[in-house]
Amino acid sequence: MNAIILTAIWGVVMMFGGVFFKRKSTPLYWAVAGLVLILIANCQELVTLQPLFDVDVKDMLHFDKFNLTFITIALSCTLLFFLLSGRDIEKVGENVSEYFALLFFVLCGVSIAATFNTLLTLFLGIEIMSIPLYILTGSDKRNLKSNEAALKYFLLGAFSTGIMLMGIAFIYGGNTNGSFFINNIGLGEGKMPVLIAVGLVFLLISMSFKVSAAPFHFWTPDVYDGSPTVFTSFMATIVKAAGFIAFIRLFENAFGNVQSQWQGLIAVITAATLLIGNLTAVFQQSVKRMLAYSSIAQAGFMLLAIFALNNMAKDGLILYAAAYSLATIGIFAILIKMNDYTIDGFNGLAKQQPVLAITATVFLLSLTGIPLTAGFQSKFYMLLAALKNGQQHWLVIFAVLCAAISAYYYFKIIQAMFFKESNDTVVNEQDISPTFKILLIITAALIIALGIFPTLITDLLHS
Amino acid sequence: MGVTEILFWFLSVLAIGGALMVVASKNPVHSILYLIITFFAISGHYILLNAQFLAIVNIIVYAGAIMVLFLFVVMLMNLNAESEPPQKSKYLLYAGIVAGCSLLLLIVAALRKADMGKQLVQMKDGDVGLINNLGKVLFTDYVFPFEISSVLFLSAMIGAVVISKKESIKTTGQV
Amino acid sequence: MFGNSITIPHLLIFVPLIAGLLTFFIKKESGAKAWSLLAAIITLGISLLSLVYSKNKDLSGLSFNYEWLKEMGASFSVSFDGVGRLLTLLTAVSFPIIFVATYKNSYKNANSFFGLMLLSQAGLMGVFLATDALLFYFFWELALIPVYFLCSRWGGEKRIQATFKFFIYTFAGSLLMLVGIIYTYLHTAATPVSDHSFAMSAFHSVLLSPAQQNWLFWLFFIAFAIKMPIFPFHTWQPDTYEQSPTAVTMMLSGVMVKMGLFGLIRWLLPMFPQAVVKFDNVVIVLSVVGIIYASLIALKQDDLKRLAAYSSIAHIGLMCAAIFTTKQIALEGVMIQMFNHGINIIGLWIVIELIEKQLGVRKISQLGGIAHKAPVLTTMLVMIAFANIALPLTNAFIGEFMMFSGLYKFNVWYTAAAGLSIILAAVYSLNMVQKVFYGEENTLTASIKEISLHEKLILSVVLGAIFLVGVYPQPFFELTKDTVSSILTRFK
Amino acid sequence: MNNVLQIVWLIPFLPLIGFLINGLGRKNLSKSLSGIIGSGVILGSFILSTWVFIQVKNGNTYVAHYYDFINTGSLKIGFDFQIDQLSSLFLLIITGVGFLIHLYSTSYMHEEESKDFAKYFSFLNLFVFSMLLLVMGGNYIIMFIGWEGVGLCSYLLIGFWFKNNNYNDAAKKAFIMNRIGDLGFLLAVFWLLNKLGTADYHTVFQNAAQLSLFDVTGITLLLFVGATGKSAQIPLYTWLPDAMAGPTPVSALIHAATMVTAGIYMIARSNILFTMAPVTQTVVAVVGLGTAILAATIALKQNDIKKVLAYSTVSQLGYMFLGLGVGAYTGAVFHVMTHAFFKALLFLGAGSVIHAMGGEQDMRNMGGLKKYMSITHITFLLGCLAIAGMPPFSGFFSKDEILAEVFKQNPLYWGIGVAGALMTAFYMFRLYAMIFLGKFRGTHEQEHHLHESPAAITFPLIALAILAIVGGWVGIPEVFMHGGHRLEAFLEPIFANSNELAKENNPHEPLKHSKEIMLMAISVVGALAALLFAWNKFSKYEKTDKEETGVGKILANKWYVDELYDAVIVKPVQSIAAFFNNIIERKGIDGMVNGVGKAVNYGSRQIRLLQSGQVGTYVLLMVVGILALFIIQLFL
Amino acid sequence: MPVNYYIFLSVALFCIGVVGVLTRRNAIIIFMCVELMLNAANLLLVAFSKMHNLALGLNFPKLASEAQVFVFFIMVVAAAEVSVGLAIIVMIYRNTHSVDVNFLNRLKN
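Protein chains in written order, with the working numbering: chain B, -13 to 449; chain Y, 92 to 266; chain X, 3 to 494; chain U, 7 to 642; chain F, 2 to 110.
Bound conformation, chain B alone:
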């Protein structure tokens, strides 16, 4: 609750701040300050489960350890994102404080989407998440790529909204209780009525769209590629993770007891996502676009949680969200500093900027899922959950084979950084402040810490 309200308020603050802030660098401090505030408040709620604001939401939101933990992770990742890439937000355009305001609104949407309890709040949350993102995608107005990305994102997003609404409508129609509450769909163990089935497929599709699962992923590469890199970093991590949280909460609470009837669909989608994501990423020359595809591939792995739908899966998803967000934010923060976004642009980075190179290596190893990094633990949880579920073992084998493919493209960057030479400077040094390096090192350290003790996060769920 705290998070929702405070993010909304702080968004407004930032919005008005736009009028008063003279210097371009001011908004960042405010944003960081506000975010820290919100984070504290949220942690307080996580610990006590007693929000500061006692708003009667008529049970339309539901707060528990799970989604509060996620919100905490989302907020902390955003904080890290601000600290690492905040200065780059200022380069996007001149409405800096508006950008921050929009980011706060997105966070508000994230919090709602993570805590929704009725289809309405789900819908609202997702919309509140999406609409600011359309703007941020297009925020580099002179850049036609950015425009194109915004248009595609918007049209396809609206399309998926339509689908989602259709789904909601059918669910409502099929629900004899005539309620939108996800834990009141009134499904028995038996075969679900056709209306529900149709609605479920529609909802599944729209959620798959939000988490960019194949074959509804097409917007992802173009949007991630076109939009300003800072915002790519944000929406590829926090927003996507929120989508997954919404996804799993919806399907666990609403359709959990008829899982067997839709598990096949998820299996198909997962396999397709893994295959397309990994396969297409192999070919990419631009690191930015490659990371876009890799985010699809990672989504494929996260889908295993929805496939498995057990406690292990939920722990794993939280862990995955954290690990994936940390690593991706880190690698994007480094990518932004590069002069050239192609893989060759990384040539010889190890010589010129060893710290960047080494931390980048940690991030990439984590994304690949090498032991001792958080990435391994999260993938490990996913596989564990999927196998525990006991259905469709082929999917797990398939997943690990795809993970092997993923090593192929992640290590291309490592090779470029360490084993190739480059004469001209690959990054402009004045951007690289000592604080930036230290923050990178801290991020890498976090990743490794999580890699050794995933319990640091999972304990939050069970304490």
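Don't read these hints as lab results, they were simulated from the structure.
Just so you know, not all the hints are guaranteed correct.
Below, a list of computed lysine-lysine pairs in the BS3-like style, where the Cα atoms sit at most 25 Å apart [what the hints assert, rightly or not]:
| id | chain 1 | residue 1 | chain 2 | residue 2 |
| --- | --- | --- | --- | --- |
| 1 | U | 593 | X | 167 |
| 2 | X | 458 | U | 445 |
| 3 | U | 82 | X | 483 |
| 4 | Y | 257 | B | 8 |
| 5 | B | 337 | X | 30 |
| 6 | X | 160 | U | 445 |
| 7 | X | 411 | U | 82 |
| 8 | X | 365 | U | 593 |
| 9 | U | 549 | U | 445 |
Far from chain U, some chain F residues (derived; all Cβ distances over 10 Å) [said to hold, decoys possible]:
| id | residue |
| --- | --- |
| 10 | 2 |
| 11 | 3 |
| 12 | 5 |
| 13 | 6 |
| 14 | 9 |
| 15 | 13 |
| 16 | 64 |
| 17 | 80 |
| 18 | 84 |
| 19 | 91 |
| 20 | 92 |
| 21 | 94 |
| 22 | 96 |
| 23 | 97 |
| 24 | 99 |
Stretch-level coverage of chain Y by chain B, calculated; a stretch enters the list once three of its residues show a Cβ under 8 Å from a Cβ in chain B [what the hints assert, rightly or not]:
| id | segment |
| --- | --- |
| 25 | 165 to 178 |
| 26 | 197 to 203 |
| 27 | 233 to 241 |
Predicted model only: the values in this text are computed from it and were never measured.
Just so you know, even glycine gets a beta-carbon here, dropped at the ideal spot from N, CA and C.
Using the hints, position chains Y, X, U and F against chain B.
Structure of chains Y, X, U and F alone, referenced to chain B:
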């Protein structure tokens, strides 16, 4: 069949016809007008279902505000049949039509299996759609969504501003 | 003698690990070398200590258990058993030898080179000591990563592709094993703290239906087969050996390939006895085919490193076959042979390195007549070569003799077929000796000089080991007795 | 336990010491010193061996156990030495002849640089060491250690002059052919271990009865394969003539006197097994006979001294196997002994000749040497007479003992054997005549360089000549002198069991003396005839450059056996290897592995085309996806 | 009136909207088709609400009306979306003088 049926069929035909024309007509202005017709038809359905509030809101918000907005934009860009980008690849066109129709058939076929036949819809009477009930529900149970939707509007507003505001300085380089 | 907080397994893992991390901060090359050599020697000392220490029966200092992920049932538990002790000893012995043998070589960024070497040593130690499946997998991967960097950073001109292939190949294999581990884990019995357990004991006593065992068997086996490697998973090896710097090649071929065999002995055999019995013929046929195949291909190699690589494939194939006979004598042979193969192949690499360092070529066709100028080098190489083809009174004879007789107990014809490799090995080894060392010397080889004192010393150490084990192998049998018997109990 | 014989370990240990000293100190040792060390240690072990022999003669046989070589739950192999009649006899031969040859070498190898000289002696000592291990070993494993050891030494010594690649090839050939045999040996050992669980002679021979006929036949056949390799029998004999590339003393020691008899020793050692396997015995006999004849025929047409001697060696070994095959173990061992004497003598004589001729080995360029080097000439003549089987020289007794046994078994064998003996006489005296008789055919500087060899060479010649004469007298047949066969009496304990077994298997009535004398007469007379024919034919030999024709050509080319092997075995293996290397490895397996990578890249390049960048296509694909999901969900 | 009729009607509208999105290239038209889809959903919701109202009767008074509130929120969201969407389209039109969705095709593969 009674008046209700007649009205139902009439409005349905109107809505679908309008919708088809929206898709079909070359000139954007025409499609907008057809879409307005469709919305009116839908509002008619709402009235038929005795959802008066929604009927009104639909006309005001959709047919009124939104569509007018569209119209303004189209006028502003003065788009017309000539400036309309033609669908170059015919295959995509046919593929689109086929896909849409098969989607329709699929869902219809699926729903025919479900025996919703005996499920009736309450026409004309029933006071759930009346403004006072909705108002009660909206401002008691649905106060939170109502409030939070303000965030939506705020962000939309900021967005519109940010997007359409003139940049004084040219942004450079890759961001 | 040790508190339970610090045990010998700890030291074996963490001394190289910490030393390796520190090495990165030593800027001077000589310093880095000296430091890493020191660390390696300390490690060797510790592992020797473990031998002494295990003599007296109080084993408290030899195993350690820390509940790492409690509710997961995973723990940081490391402990010695026979084969573990043997292979940690091999690892500990190999690294000082490698460092001394390549002491003259200078690397750019020597600090990171030696740091990575020590890190991989730590990883290897972990693999050989871990008694927890998850931990085992951890170290299994961690041993791989430094090697990836070592090879692609300091290797030959085609290094990047070769290493990349090697990495992806092994990575895919180990991921399959990960699936296998998890699946097995989910069928282990509940423990007081968790509903499943990764402990080795739990894995060994896991109850699996034959059908489950059958596909799990392959998940594990492929991972190990790629690592060993045996036919037909071996194609990464010659390229990698050829391309990677010799120090790394020594480590790879001397120690790292043992990871696969170790995995078979420590994990696969005890876990899936039925499946092993079911598939033993398949595996052994694969290995035997591989033995002959590799030996034949070795006949055609012109590059010394590739030659050694293929001969190594043949030897490993024999060990793999011997393991799957699950005959006591064969297993005893495998144990000792794992050590011997490590020593011999390292010796071989040292000689090759000495030649390449002086003449800059490895092509057999370009060499010849080295014996005129470098008789000592020649003599040592000849001895190592004959050890490599298992001449009696060299160490390899003991192992191969026992493995062959075990294989014979299993099936006569496999033995006869594999026995051809005895002849073929002689052919290619003697070809190599003749073409490289005998005959008239050419303009290139005329420039070679006799090896220096410390090279003589290090080679003498290797030869000493070769003949010591060859004449008095008994201690090694004592060392690995318990492992063998524990495996055999699974196949009663 | 505290048997005096416990110290027999000294016998092999001394040569080992010599090997180490000479090997490690070869840079610093002077020639004379290393020569003294090299020969001295052998002399030492010779003295010990005689002492041991006397001990054994007084009936003290003993198995000395030193330590557990391998001792696990599944396999127990002690490092044991077995001292009995057989091994002690071989000890004498090896160390005795060995010493003489070492002595000889000190002078023969004198041109070598001092470090090569030392190397030579170290190898020679190492060889003696391995040979001693071979014969002293108390079980098949120790025997195998020596067995491979001698192979190694012969490899090293054949390739002693490693500059010359032909020599290296010869060395390689020798080692590999031995290895083929060794494989058979190993398999036999595995079989034994599998059946009896041990490789100790005692246990094996005691429990031999447990073995089924099939087992024992298989084991013995495999052992025999090993023997063919080591003792140069068909089909593995071709390495021995090539092995003449080594220094002549080496040929004398290894390739005539000792190593090549290892096969005979091994079979004699496991005589009981062979006696139990009649099939194997037949095989052994036939192979031996075949080898004897084949080698003899080839020897007829060789012009290189050492080649002639080499083939005669092969042929003589054939006789020994013939003897073993027919169960005349004593005879075979007896022939080993005598052969060691006269063949070493002949080789050393040939060496002396070559030495005098300045390395010339082709006897067409010799002749009339008898007036230049009398001692060599006399001793060589004695050797020829001995090998030709002229009474009362040693060869006569041993060969005729074998032939007599053969006759008992199968007169046909006897006939062929005698034919071989005649050929032997013929080519030996062809050799003799072409070297020593007639007039000199070499170049002038050779002629005036001719001289008698120094004492270090002539002394061994004389000593061996004496042995070649008297060596046979330890085995005088019953015919001439009752109880004259002292050797048989001496070896009786070794072969007792198999003799009994043989008796009850196929009881022959012993030959009547008259008949035996008749047989001897035939062979001796025939040999004499061949001898004289060769004598006067080749004493007036003139160098001609006309090509050999017909049979002669085939013989001169050794029946083209090498060519045959090359075509049937070597070439195919090479091409298969090439095929594996170039096609299967590169294209096949590695191709498959890389193919996966290629496939991924290709798939990537194709699948990315879905990302056309056009909203319409995206939506279309999405709708298709929707349709698919609906179908799956609702209609499947 | 059977609910099937309404279901089919709105599904038909929905699919027409989809076809429009598929076939047209004018961004504005496509967007309008999306709006059509939303309206189809609205109609369906209202129909269902009345259906439930009939089925559940008056013992759950507000249940049925929830759907209509939902429709109200949908309209709210739609309005917001329209403002943003049109802004984006206008921006693109300013940069490219085209509303053709395929005109901008820099991001592909």
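Tested hints:
A distance of roughly 16 Å separates the Cα atoms of residue 593 of chain U and residue 167 of chain X; the hinted pair therefore holds under the 25 Å criterion. Using a Cα cut-off of 25 Å, the hinted pair residue 458 of chain X and residue 445 of chain U is violated, with the two alpha carbons roughly 56 Å apart. Distance hint between residue 82 of chain U and residue 483 of chain X is fulfilled; the C-alpha atoms sit about 14 Å from each other, no more than 25 Å. About 18 Å separates the Cα atoms of residue 257 of chain Y and residue 8 of chain B, which keeps this hinted pair within 25 Å; it holds.
Between residue 337 of chain B and residue 30 of chain X the alpha-carbon distance is near 17 Å, which keeps this suggested pair within the 25 Å criterion. At most 25 Å may separate the alpha-carbon atoms for a hinted pair to count; residue 160 of chain X and residue 445 of chain U exceed this at roughly 69 Å. Taking the CA atoms of residue 411 of chain X and residue 82 of chain U, the gap is about 16 Å. The hint holds against a cut of 25 Å. For the hint linking residue 365 of chain X to residue 593 of chain U, the alpha-carbon distance of about 22 Å falls within 25 Å, and the restraint holds.
The straight-line distance between the Cα atoms of residue 549 of chain U and residue 445 of chain U is roughly 11 Å, inside the 25 Å bound, and the hint therefore holds. Once the 10 Å rule is applied to beta carbons, residue 2 of chain F is consistent with being away from chain U; the minimum gap is 25 Å. Residue-level check passed: residue 3 of chain F sits 21 Å from the nearest beta carbon of chain U, beyond 10 Å. Look at residue 5 of chain F: its CB is around 17 Å from the nearest CB on chain U, clear of 10 Å, so calling it non-interface holds up.
With 10 Å as the threshold on Cβ separation, the claim that residue 6 of chain F sits away from chain U holds: the shortest Cβ distance comes to roughly 21 Å. Against chain U, the non-interface label of residue 9 of chain F holds: every CB pair exceeds 10 Å, the least being about 16 Å. Residue-level check passed: residue 13 of chain F sits 16 Å from the nearest beta carbon of chain U, beyond 10 Å. Distance check on residue 64 of chain F: its Cβ is at least 27 Å (rounded) from any Cβ of chain U, clearing the 10 Å threshold; non-interface status holds.
In this structure residue 80 of chain F is separated from chain U by more than 10 Å, as the shortest Cβ-Cβ distance comes to about 23 Å. The claim that residue 84 of chain F lies off the interface holds: its Cβ sits roughly 21 Å from the closest Cβ of chain U, which is beyond the 10 Å cut-off. Every beta carbon of chain U lies more than 10 Å from that of residue 91 of chain F, the smallest distance being close to 18 Å; the non-interface claim holds. Non-interface status of residue 92 of chain F relative to chain U is upheld: no Cβ of that chain comes within 10 Å, the nearest being about 17 Å off.
Remark: the non-interface label on residue 94 of chain F is consistent with the geometry, its nearest Cβ contact in chain U lying 16 Å away (cut-off 10 Å). Consistency note on residue 96 of chain F: stated as away from chain U, and its beta-carbon is indeed over 10 Å from all of that chain's, at 17 Å minimum. No Cβ of chain U approaches the Cβ of residue 97 of chain F within 10 Å, the least distance being about 15 Å, so the stated non-interface status holds. Residue-level check passed: residue 99 of chain F sits 14 Å from the nearest beta carbon of chain U, beyond 10 Å.
Counting residues of the segment 165 to 178 of chain Y whose C-beta lies closer than 8 Å to any C-beta of chain B gives 0; at least three are required, and the coverage claim is violated. Coverage of the segment 197 to 203 of chain Y by chain B holds in this model, with 3 residues showing a Cβ closer than 8 Å to a Cβ of that chain against a need of three. Proximity of the segment 233 to 241 of chain Y to chain B, defined as three or more residues with a beta carbon under 8 Å from a beta carbon of that chain, is established by the 6 residues found.
Against the hints set out earlier in the document, violations occur for numbers 2, 6, 25.
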